[in-house]
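S.K.: Residue strings, one per chain:
Protein chains: 2
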Amino acid sequence: MPNEHLHALILAGGRGTRFWPRSRTKHAKQVLEFLGNGTLIQQTVARLEELVPRERIWILTNEHLRAEIARQLPGVPKRQILAEPAQRNTAPPIALAARVLHDVDPDAVMGVFPADHHIGKPGAFRKILRAAYRSAASGHMAIIGIQPRWAETGYGYVEFPEGRMTAGSLEPVEIVGFREKPDPETARAFVEAGHFGWNAGMFFWRADVFLAALREHLPATAALIESLPRFGARTFTAKLSEIFPQCENISVDYAILEKARDVVGFAAGDIEWNDVGSWNAVHELLPKDASGNATQTEALFVSASGNLVHAPGKLVALLGVDDLIVIETPDALLVVRKDQAQRVGEVVKLLEKRKRNDLL
Amino acid sequence: MPNEHLHALILAGGRGTRFWPRSRTKHAKQVLEFLGNGTLIQQTVARLEELVPRERIWILTNEHLRAEIARQLPGVPKRQILAEPAQRNTAPPIALAARVLHDVDPDAVMGVFPADHHIGKPGAFRKILRAAYRSAASGHMAIIGIQPRWAETGYGYVEFPEGRMTAGSLEPVEIVGFREKPDPETARAFVEAGHFGWNAGMFFWRADVFLAALREHLPATAALIESLPRFGARTFTAKLSEIFPQCENISVDYAILEKARDVVGFAAGDIEWNDVGSWNAVHELLPKDASGNATQTEALFVSASGNLVHAPGKLVALLGVDDLIVIETPDALLVVRKDQAQRVGEVVKLLEKRKRNDLL
Chain A
0 MPNEHLHALI LAGGRGTRFW PRSRTKHAKQ VLEFLGNGTL IQQTVARLEE
50 LVPRERIWIL TNEHLRAEIA RQLPGVPKRQ ILAEPAQRNT APPIALAARV
100 LHDVDPDAVM GVFPADHHIG KPGAFRKILR AAYRSAASGH MAIIGIQPRW
150 AETGYGYVEF PEGRMTAGSL EPVEIVGFRE KPDPETARAF VEAGHFGWNA
200 GMFFWRADVF LAALREHLPA TAALIESLPR FGARTFTAKL SEIFPQCENI
250 SVDYAILEKA RDVVGFAAGD IEWNDVGSWN AVHELLPKDA SGNATQTEAL
300 FVSASGNLVH APGKLVALLG VDDLIVIETP DALLVVRKDQ AQRVGEVVKL
350 LEKRKRNDLL
Chain B
0 MPNEHLHALI LAGGRGTRFW PRSRTKHAKQ VLEFLGNGTL IQQTVARLEE
50 LVPRERIWIL TNEHLRAEIA RQLPGVPKRQ ILAEPAQRNT APPIALAARV
100 LHDVDPDAVM GVFPADHHIG KPGAFRKILR AAYRSAASGH MAIIGIQPRW
150 AETGYGYVEF PEGRMTAGSL EPVEIVGFRE KPDPETARAF VEAGHFGWNA
200 GMFFWRADVF LAALREHLPA TAALIESLPR FGARTFTAKL SEIFPQCENI
250 SVDYAILEKA RDVVGFAAGD IEWNDVGSWN AVHELLPKDA SGNATQTEAL
300 FVSASGNLVH APGKLVALLG VDDLIVIETP DALLVVRKDQ AQRVGEVVKL
350 LEKRKRNDLL
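The listed protein sequences derive, respectively, from chains A and B.
Per numbering that gives the first Met the number 0, the first sequence starts with residue 0, numbered consecutively.
Per numbering that gives the first Met the number 0, the second sequence starts with residue 0, numbered consecutively.
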């Protein structure tokens, strides 16, 4: 496989309100450090760069985060860190990236990666990546399916042919189709069936293959993206600001992948994938004391179990409390019961309603 | 009653570790503001001074707190704010105060008051005070019994004669005796019997009457206190530092009152007495929202009930949690379940063990 055509696109435009009060508009989840070895986007780059060096890593983010991301990733050329002029789900930014990559390298093979996931076994992960890139280089659209560990209703699923989802197999399998986030019963059925994988938002294809699929399945957006001048041209940014907000606000799964023929899947083995979806996930990933308490700051746990504490520069004492998440910043403090951690976004919505931009 | 002989002694030497992280060695409970209208010692002085002006209010505290108390009580003459050279329970400090008051006014009638209690109805309280002072002026030792509102095991009790504990009565009643902190069954029996009052640590007597009782019942300490030069003498402080640590470490209840004859009681009516014994009491005393949440700082309560929050200069969001106490200071944060609030002192002990003097 001619490695010099492999590119990585990291989608880093999200906000991650469920990580308030640490996540803010200018310090979204992907630029925060949760696990003590770099921020999520730094980890994402670190586990890719053995395969795709920083010179071919591209990042799509927004104006709020661009400077911080550039600061955190000194090795990634600045012109490869692009700010989306508007939030348009995943299809338009990926289309934009495909167009840009095709401009700079007509043989570009691109992998698409979320900026804010955790993968505990990057070595095993890279094995799958190599296979997926190889498959993409040969003209397929490829996707990774994560072996489901429970009947999650918050993810989409990838359906493999029955009996053909072999964890860790490096052979591409033509997938049956995509399933949107299921209800609990359906999710249980998926897990029992054994041939449905979590869709972790990682995709692989040649830029030209994607652009062709785009023309076929999302022609209006395709036309807008094609109207852009060549990447690097003086007028590129101005034109992008003009056309991007007119693109359809739609996910790449829904707009392209569900309709495309010839999509192949790779079932990831035990790569310890975690989408770091809420403070709960951080608690799961951190080392814990004998009572299940986790902290990377200073805390005393007295008759307390199952808690997560983060409060830099401050001693936190938890007494007689269980399963709490306690997160402190200089201007805010969150205390939430672990089984309610999915609801942290509600606090952010309340603050928006009250126009507390200082806390957003 | 010749009012000019009435003096008030406020005992303000305690530490109040159950109010950590707000209470510290140099900012003990009595110099903290919990309820929004002055610190506890300021409130104590405010409700006394209609009866006993600041010129005759005396305060016994320790070296750590003396400066802060003087700052908070500008009207109290500085020489009347005395620092105990050592912690010796209540008998020695009261003996010292009796000796000092007798020096400055041989006819002194003194009332002894804890610095750190709350009284919701100071008018009703002062009515009882007047009666107690009057009784003391005529030679009795007098004590106030608080109508018990539940079978508390953390207080001592004063036994009135059966059928003679009339709430709010201004007639002195010779009491039967004192009872130490009871077990739960005994406490229930006291409350049912209806003639046992909580001992709130408020005492009234002539200074000379007390000194005579001291000589009779605690002669060693009496001799040490008598060895002091006259209050105001150049050598007073040095001698005090020498003799005070040699005094017996014993409570005035146990050393004197339980043995004294002729102790009279007054049963307080509805004065809304509260000893502010833990963060629970602060939660009880503060106004609450419809879900029972209390705060005097900025807080968002989402699916949260029965909580107390204090975190100046910081927005606190509580989500899906009930009956928590959340107290924040610049260097520490406490989260404790309400029914465990009595145990906050354990955290302080742990910090002492770890030599974290910065947090004590």
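I should point out that these hints are in silico values taken from the structure, not numbers from a laboratory.
Only a predicted model underlies this, so the values are computations on that prediction, with no experimental measurement involved.
Worth double-checking, as some hints may not be accurate.
Where chains are identical, the list cannot tell them apart; a pair therefore holds if satisfied intra-copy or between any two copies.
Here are the simulated DSSO-like cross-link-like pairs (lysine-lysine), alpha carbons at most 30 Å apart as the crow flies [said to hold, decoys possible]:
| no. | residue 1 | residue 2 |
| --- | --- | --- |
| 1 | K337 | K287 |
| 2 | K348 | K337 |
| 3 | K287 | K354 |
| 4 | K258 | K77 |
| 5 | K25 | K348 |
S.K.: Are the hints correct? Go through all of them and say.
M.R.: Hints, one by one, checked against the model:
1. K337 to K287: Intra 15 Å, inter 25 Å, cutoff 30 Å: intra and inter.
2. K348 to K337: both (19 Å within a copy, 29 Å between copies)
3. K287 to K354: between (37 Å within a copy, 25 Å between copies)
4. K258 to K77: neither (34 Å within a copy, 86 Å between copies)
5. K25 to K348: Classified as within: same-chain Cα gap 17 Å, cross-chain 41 Å, threshold 30 Å.
Hint violations for this structure: number 4 only, all remaining hints satisfied.
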